[in-house]
Amino acid sequence: MESILRPFIHKVTGVCSLKASPIEKTFKGGYCFKPFKGEIENRVVNIPIPKTVIIPLRQGYGEEVPAVVKVGANVKAGTVLGRDDSSISTPVICSVSGVVKDIRTILLSNGETKAVVVESDGRSSFEAMPRDYTDYRNAGADQIELMLYEGGLTALGEWGLPTRYNTGAVAPNAVKRIIITAVPTEPFVMTNQVLLSNSLRRFAIGCEILRTFYRPESMHLAMSGKDQMLVQKMRAELTELKVIVHEVSRKHPQAFSEVVTETCLDIKVPDRGRAIDMGVLVIDAQVVLHVHDAIVEGKPLIERIVALGGGAYSGPCAATVRIGTMIKDIVDGSIREGIEPRIVLNSSLTGPKIIDHSVPVDRTVYAVIALEEFRERPFMHFVRPGADYDSNSNSFLGRITGLFKRSDTNLGGELRACISCGYCEEVCPRDLMPHYLSKCINADFPEEAETVRIFGCIECGLCSYVCPSKIPLMDDIIKGKRIIIAEEEEFRKRVEAAEEERKLSEKEESAEENETENA
Amino acid sequence: MLRILRILLDKAHEVIEGNERLRRIVPLINATDAFFFGPSEVTESAPHIRDRMDVKRYMTLVIIGLMPAVVLSLHFFGWVALRTIIVSYIFGGTVEVIFACVRREPINEGFLVTGMLFPLTLPATTPWWVVAFGIVAGVTLGKEIFGGTGKNFFNPALIGRLTIFLTFPLLVAQPDVWPHNAAEQGYSGFSTYETGRISVDTYTGATPLTARKNVVRGELDEDVLPAKRDLFLGRIRGSLGEPCSLALILGGLFIILVRVASWRIVLSCILTGGVFTLIMNRFGPIGEGGLPVFADPVYTLFSGGYMLGAFFMATDPVSAPINKGAKWFYGALIGFSTVIIRSIAGFPEGMMFSILLANIFSPLMEQIATGIRYRREAVRA
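These protein sequence lines map, in sequence, to chains A and B.
Those letters in the first sequence? Residues 797 to 1315, by the working numbering.
Those letters in the second sequence? Residues 148 to 528, by the working numbering.
Just so you know, these hints were derived from the structure itself, not from any lab.
Please note that a few of the clues may not be correct.
[Unchecked claim] Interface residues of chain A toward chain B, partial, derived using beta-carbon atoms under 7 Å:
#, residue
1, 830
2, 833
3, 1144
4, 1174
5, 1193
6, 1196
7, 1197
8, 1199
9, 1200
10, 1210
11, 1310
12, 1312
[Said to hold, decoys possible] Keeping only pairs whose Cα atoms sit at most 30 Å apart, straight-line, the calculated DSSO-like set for lysine-lysine is:
#, chain 1, residue 1, chain 2, residue 2
13, A, 1289, A, 1275
14, B, 298, A, 1064
15, A, 833, A, 821
16, B, 471, A, 1235
17, A, 824, B, 298
18, A, 1277, B, 158
Just so it is clear, CB atoms sit at the ideal spot from N, CA and C, and this is done for glycine as well.
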C-alpha cells in the first residue's frame, strides 16, 4: 500500500528521494533538482595544455601574493610563482612549463589581481616536490604540512586548510572535526561516479594523510546515497580508517558547510558564524585526492578535474584542466552550433557570469558551466504542459516525466509584486523568510531585517530560483547584508573617533592639572 | 498564423510607442503580447537558471481548478452564467487596465482569478449592471487602492460581493435561483433562462441555508430541506458556483496537487467547521422548529459557499498568511466563524464574512507567528 502511495506523496509534498534509505540524513527546506539537459556524462577528457596560461596571484582563500619570478624566467610546472609567508596566503604554483611572458593586472569575477602570464612549451611533465620518505606512511605531520603549503593546496576549501604557515582562518589545532563532502546537489556539477569511482584507494589514502596531519576527533564523509554501490565500496574502504560515512540527501544546498555541519554532526552554525570557528573543517572530496597526489606522488596543485556541464555543451563531461587555462581554451569548440552561450563559473545558482572569455580558471574552480541564452518566446507559455520543465510547484508535467529538463537562462516569466505564495520560505534551508527580508530591504528597514535573521542567509540562491514573481530575492538579501555591514562599520568608526577624542581631552586635562600642580 | 500574430503585435507596438497620446496604453499592448508569447528576458544575475513557474501560470491554474464548477454552472444556469462571467471580465478587466495605464505598471494576472471567482459568488438572477458594479467596486476597493495584486489585504472578489450585498441586499441575499422543482420538471440546463420566460413557480423556494434557517425558526416544514446526496452532487439552489460541491472539491484538489493552494488552510477550514458544527449539532441548542440550531457537518460543508470559499477564496495567497502555523489558525478562524454566523447570526450564509474577517486578522497572525519564531530563535542562540 505504502509503495503505491509513495509516488503520490512525493508529488504532493515534494519530498526528495523516493527510495530514501532510512539512514539518509537530511535537513529542513532545500530543493532537489531534477536532472537537467547537459548534466555531465561519465567520462573525463583532457583539455590540451594551452599555449598561454594566466595564473592569478590571488587564488582561493588568502591574500594576493607578490610574484617571485621575473619576466623572461624559465619556469616548470610546479615552480612557485608567488609567495608571501607573512600574510594569510598560500604560494601560487605554475601549472605549465615554459617562459614567463608578462606580469599584469587582470580583472576576475572577485576583483582585480596581479597575474603571471606563462607561455607554455607544451610539455605535460611537472616538477615533483622533494620528499625525504619513500612511503607516505612515514611522512611526518611537519613534512605533510610543508608539502600542502608549498604544493598550493592550502588555499582550497571555503576558509582554507589551516596550517602553521598562516593559510586558513584558524590555527591548525583548532580543527576538531573534518567533513568531506561528496554531494553533487546542483545541476551540472561533478558526479561522484566520475570523481571517486576509480579513485577509492587514492581517496582513502588522502583521508589517512589528513588524519595524520590534523589528528581530528572524528572524520566524516557526507555522501549522496544515490549510488548505493559506490557508498558500499566507500564504506568498505573507509571503515578501517574510522571515517564515518553519512548518507545525506541530494537536496541543494546540502554541500554548504553550514548545512552539512548541521546534518552530519548536529552542530548548529550560528548566523554570521562559520563552520570553521566551530572546529569543523569542511572540504570537497577532490581536495582529498589532491592531498593524496601531493603527499604520495609529490604532485603540486597544477590541474583539477572540472565539470563541463550545461545545456550549451555539445558533449558535457568532466575534464582535466591546468590551472590558469583561459575559459575560451576550455569551452571553444565544445559549444553547440548556433547558440549563444553564457559561461558561469562553479555554480549555476550562485556562480558569477563570465563575460570576458580570456580570464583564467583558478585553483578553486570545479565547474565551468555553459548555459544557453534562450530568448525565444514560446507561444502561450503559461498553459503549456511543460513536460521538460523543472519546477518547485507541481504545475508542469515535467514533475512526473523522466525527461531531462530544459536548462537555459530564460527568466520564464515577468517581474511581478510578491504574491506571498510562500515557496521561498518553503525551500529556505536556514528557515528564513526571504520574501520578508527582501521587503524589509527594499523598504529600507535594515534593523528589522537584522531581527529576522538576515545574516542567517547562506546565499544558496534557492529563493530566487523558485520565486514565481521572479523577484531577485538573493540579490536583495546580499544587498541588505552589505548595507548593514557598512552601517556597522561606520558606527564602529564613529565610536572609535569619539573614544580617541575622549582620551585626547583627558590627556589635556591631566596635562593642565600637572601644570597647575607644578605652578 | 503565429507569424501573422507576431507581425500584428510588433506593428501595434510600433504605432503605440510612436504616438504621444497612445503611449499611455503601453501596458495593455505589453500584456497582450505577453499573453501570446512567453518572456524573452534572461536572468541578469545568479541564479542563472530559474524555475519556470510564473504568476501567469499560477493564476491560470486556479482558473483551471475552477473549470469543473464553471462548466456545471453553465449546465445548470445556461447562458445567464456565461453572461455574468463575461460582464465580470469585461468591466473588471477595464478597471485593471485603467489602473495599470495610469500607474504605468504592467497589468497583473491576479485579476484573471478575481474576474472568475466573483461571478461564481452571485445568483444567476443578478442583473448585468449589478455584476458590473460589483466587480468594479471589488477590483478598485479590494485591490487597486492598496496598490494592486500582491499588496491587497482582502480578497477582491469578496469585497465586490460584499459591496453588492450591502447596496443591493435584495438581489443577493436571497439567491433563490435554482428552479424550485426543476428535477420534477425534467429541467436540463440551457432551457429556462434562455427563453426568458421564467415562471413564477420556478422562482420560489430558498437556498438550503435559508430554508434551514426557516425550519429552525419553525416557519417551514422539514421536508423543504434538500437531500444530502443532492447537496453533494449539486441539485440545490445557490450562487453560480455553489450548486455542486463535488465539482469544487475536484477542482480544489487539483490546485492543491499543483501546490498553488495551501492544503493547510483548506484542511483546517474544513476540519474546524466540520468538528465544531458536529459538536454543536449534538449538544447545542434546539430551534423552535425542533431542529438543532447548528446543522450537521455534511449539511454545513456541502451547502452554500463553503467549498468554494475553503478551496478557492481562503487560499488566495495574497490575503492569507504565509507562515505555516498561521495558516492553520487562519483556516480555523474561517471555519469557526462561518458556522457561528450561519447558525446564530441573522444571515443564512457566513463564508464571505468569515473570509474577510480572517483577511483582517491575517497580517496580525503573520506578525505573531514571526514574533514567536524569532524570539524562540533568539533564546536558542
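Quick rundown of the hints versus the structure:
1. 830: violated (11 Å)
2. 833: Status violated, d = 11 Å.
3. 1144: holds (5 Å)
4. 1174: Holds: closest Cβ of chain B sits about 4 Å from residue 1174 of chain A, inside 7 Å.
5. 1193: violated (11 Å)
6. 1196: Result: violated, 11 Å to nearest chain B Cβ.
7. 1197: For residue 1197 of chain A, the interface hint is violated, since the closest Cβ of chain B sits about 14 Å away, which is over 7 Å.
8. 1199: violated (14 Å)
9. 1200: Where the cut-off is 7 Å and the nearest Cβ of chain B is about 13 Å from residue 1200 of chain A, the hint is violated.
10. 1210: Holds - the Cβ of residue 1210 of chain A comes within 7 Å of chain B, reaching about 6 Å at its closest.
11. 1310: violated (49 Å)
12. 1312: Where the cut-off is 7 Å and the nearest Cβ of chain B is about 52 Å from residue 1312 of chain A, the hint is violated.
13. A:1289 - A:1275: Holds. Residue 1289 of chain A to residue 1275 of chain A sits at ~21 Å (cutoff 30 Å).
14. B:298 - A:1064: Cα-Cα ~36 Å, so violated.
15. A:833 - A:821: holds (28 Å)
16. B:471 - A:1235: Answer holds: residue 471 of chain B to residue 1235 of chain A is near 19 Å, not above 30 Å.
17. A:824 - B:298: holds (29 Å)
18. A:1277 - B:158: With Cα atoms ~45 Å apart, residue 1277 of chain A and residue 158 of chain B exceed 30 Å; violated.
Violated hints, in rising order: 1, 2, 5, 6, 7, 8, 9, 11, 12, 14, 18; the structure is consistent with all others.
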